[in-house]
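1 is the number of the first residue of the sequence shown in full-length UniProt numbering; add one for each residue after it.
It should be emphasised that the hints constitute simulated quantities derived from the structure, not laboratory data. Treat each hint with caution, since some may be false.
Said to hold, decoys possible - Lysine to aspartate or glutamate pairs mimicking DMTMM-like chemistry, simulated, CA-CA at most 25 Å apart:
1) Lys165 to Glu155
2) Lys37 to Glu55
3) Lys37 to Glu2
4) Lys37 to Asp26
5) Lys165 to Asp153
6) Lys37 to Glu27
7) Lys46 to Glu84
8) Lys37 to Glu71
9) Lys46 to Glu59
10) Lys119 to Glu166
11) Lys46 to Asp74
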Amino acid sequence: MEHAERLLTAAGELFYRRGIQAVGMDEVRAASGVSLKRLYQSYPSKEALIVAYLERRDERWMSSLTSYVAERGDSVEAVFGWLERWFGEEDFRGCGFLNAYGELGATSEAVAGVVRRHKRRLRDYLRGLVADDLLAEQLLMLVDGATVTAMVDRERGAQAARAAKEAARVITAACRG
């Protein structure tokens, strides 16, 4: 595994599990096994590493979601089925993008920009499933709301995903009816 990949893997695990501000560059270096010199050659600042971590997370998160949904016929309900599965993962800690924005969105335009791009990308994907701008916005609110609920109360994760799925079904039917 190349240096940048090892750094992103280590940073991703640490940032998502413990929070971005709680993790220092030396911890990332130690967890990755990459020298501090190589770390700063790859990512000249912590902000650069955070942006790369979020961009990588966006690619992986969206790929997992879209593959799951495509296997189930590109249905809105499959989006919420995927969420239920994600919420049940042992290492689930909520939305990495909302977490990053909560920590750094007010002070880092680079981080805020990556978070906004991810949310736009998700909204655009949902729009592709339903072909309606307002409905895509409503579905995004359901996705984010279910995710926050599952993060705050892990025991209610599956329930939150199922409730959001039912709300999505009702809203989608109303928009088409």
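Checked hints:
1. Lys165 to Glu155: holds (17 Å)
2. Lys37 to Glu55: Holds, at about 23 Å.
3. Lys37 to Glu2: With Cα atoms ~15 Å apart, Lys37 and Glu2 stay inside 25 Å; holds.
4. Lys37 to Asp26: holds (11 Å)
5. Lys165 to Asp153: Holds, at roughly 18 Å.
6. Lys37 to Glu27: The hint holds at about 14 Å.
7. Lys46 to Glu84: Judged against 25 Å, a Cα distance of about 32 Å means the pair is violated.
8. Lys37 to Glu71: violated (44 Å)
9. Lys46 to Glu59: Holds. Lys46 to Glu59 sits at ~20 Å (cutoff 25 Å).
10. Lys119 to Glu166: holds (22 Å)
11. Lys46 to Asp74: violated (38 Å)
The structure fails to meet hints 7, 8 and 11 from the earlier list, while all remaining hints are met.
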